[in-house]
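Spelled out from the first residue to the last, the chains are:
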Amino acid sequence: MGKMKNIFAGSWGIIGVGIGIGILAPLLQKLGNPGNMGICVACFERDIAGALGLHRADVVQYIRPEIIGFVLGSLLAAYLFKEFRPRLGSAPIVRFFLGVFAMIGALVFLGCPWRAALRLAGGDGNAILGLLGLVFGVWIGTLFLKGGYNLGRTQKTHTAAGWMLPLLMAGLLGLLFVFPPIAGEAKSGVLFYSLKGPGSMHAPLFISLGVGLLIGFLAQRSRFCTMGAIRDFVLFRQTHLLSGFVALIVTAWIVNFLLGQFKPGFEGQPVAHTMQLWNFLGMALSGLAFCLAGGCPGRQLFLSGEGDGDAAVFVMGMIVGAGIAHNFGLASSPAGVGPYGIPALIIGFGVCLFIGFTMRQKIA
Amino acid sequence: MAKTIDARGLSCPQPVLMTLDGIKAGNDDELIVLVDSDASKENVSRAATSKGWTLAGISEESGVYRIAIRKG
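Protein sequences appear in the order of chains E and H. Add 51 to the 1-based position in the first sequence for my numbering, that's all there is to it. Add 16 to the 1-based position in the second sequence for my numbering, that's all there is to it.
Read the hints as simulated data drawn from the structure, not as lab findings. Hints are supplied without guarantee of correctness; some may be wrong.
Claimed, not checked - Each pair of labels, with its calculated beta carbon distance range: (1) H:Ser78 with E:Lys56: 53 to 59 Å; (2) H:Lys67 with E:Gly198: 17 to 23 Å; (3) H:Ala41 with E:Phe379: 44 to 50 Å; (4) H:Arg86 with E:Gly104: 30 to 36 Å; (5) E:Ala212 with H:Lys87: 49 to 55 Å; (6) E:Gly198 with H:Gly42: 48 to 54 Å; (7) E:Lys56 with H:Asp44: 25 to 31 Å; (8) E:Ser239 with H:Ser75: 29 to 35 Å.
From the three backbone atoms N, C-alpha and C, an ideal C-beta is built for every residue, glycine too.
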């Protein structure tokens with residue numbers, strides 16, 4: 052076989068990756084990323100949607116290089132270790148809608164599981180409700196998994212098909228170089244930029260990209276997944292992935308403390324609201340959608356880098372979901388939930404439960 | 017001949033769930049699990065050893081891993 056053993060598959064591998072992310076994310080905040088948002092896969096995909104004009108919320112528009120790095124770093128690792136396996140065909144349209152509602156849930160809470168962890172590590176007490184909601188949503192998902200829920204098998208496909216999302220990311224990076232931000236201008240070529248708000252806050256491009264590539268590489272090797280961390284513990288009492296997630300939170304907390312970024316409290320937290328029921332249910336919807344789709348938003352990016360076309364469709368669902376969330380007033384703001392956020396959550400739960408109850412076809 | 021669990025094309029946790037079902041069924045002292053991703057290979061191996069089973073061998077042929085696990 053001639054393949055070297057994957058050192059990141061062991062306990063210390065996953066813990067090491069959690070520690071690495073826990074150091075890098077708060078540093079990105081120090082270098083310019085928004086508060087408690089060193090890395091937020093949902094927020095950053097939402098910013099990308101805004102930069103492309105898929106929504107026109109002018110405070111959240113930026114092609115986030117971290118997301119590009121996640122996919123391309125994973126692609127690099129997958130090729131280096133002979134794990135690039137182009138595949139698709141496991142109910143892609145279902146995965147698209149799971150992506151849409153995962154994003155809507157995340158934008159009601161104001162963050163994905165990664166940011167929920169970073170918010171907690173930054174002292175944001177509202178994140179506790181979000182993380183509890185995440186556990187609740189994933190727990191519902193595990194009930195479906197135990198009941199035989201699955202989206203069917205993937206098929207091998209063309210190598211070029213596995214390259215679709217990595218190529219899109221390379222294209223976005225190209226756009227960022229061709230149309231860089233212009234001071235005081237809200238538009239540069241085809242790209243929209245934020246002049247204020249979280250979209251205007253970012254670490255230097257090459258640092259963001261470098262950190263993204265490094266995390267993408269390490270996460271591909273270690274299979275780091277924030278949803279899987281909870282799912283595997285609930286389903287199997289297995290703590291492998293969980294140890295990585297906990298390592299991230301503890302490390303980020305320590306680094307925040309050292310950098311003077313730890314500010315405990317509920318009120319006035321950066322890009323957060325205090326409507327706790329909706330913090331809980333927003334993340335619960337996200338957790339359920341991630342569980343039904345087999346990975347947290349970060350993991351979906353890493354899988355896309357390995358050639359998983361179904362994960363790529365989920366990512367596209369999230370980006371479109373961000374457009375929907377901001378165009379239709381579903382996304383929350385620091386003032387609280389959006390005008391249509393609550394009905395959207397109800398519809399989201401309805402869709403996810405429908406998917407969970409109906410898609411339990413026996414595996415041939 | 018050991019029972020074969022075909023988890024090709026399925027992503028986790030399905031291969032692990034199928035392996036654990038096979039172990040729980042208690043009819044076999046040896047199982048063969050087929051998977052086609054490295055993550056599934058690692059997860060199935062980890063799940064089997066956590067149930068006290070041993071890895072009897074892993075072989076690869078055209079992108080498919082054949083994982084043999086044995087009770088005790």
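Verification of the hints:
1. H:Ser78 with E:Lys56: 53 to 59 Å: violated, 21 Å
2. H:Lys67 with E:Gly198: 17 to 23 Å: holds, 22 Å
3. H:Ala41 with E:Phe379: 44 to 50 Å: Given range 44 to 50 Å: holds, Cβ gap about 49 Å.
4. H:Arg86 with E:Gly104: 30 to 36 Å: violated, 58 Å
5. E:Ala212 with H:Lys87: 49 to 55 Å: Given range 49 to 55 Å: violated, Cβ gap about 40 Å.
6. E:Gly198 with H:Gly42: 48 to 54 Å: violated, 22 Å
7. E:Lys56 with H:Asp44: 25 to 31 Å: holds, 28 Å
8. E:Ser239 with H:Ser75: 29 to 35 Å: violated, 54 Å
Going down the numbered hints, you'll see the structure goes against 1, 4, 5, 6 and 8, while the others check out.
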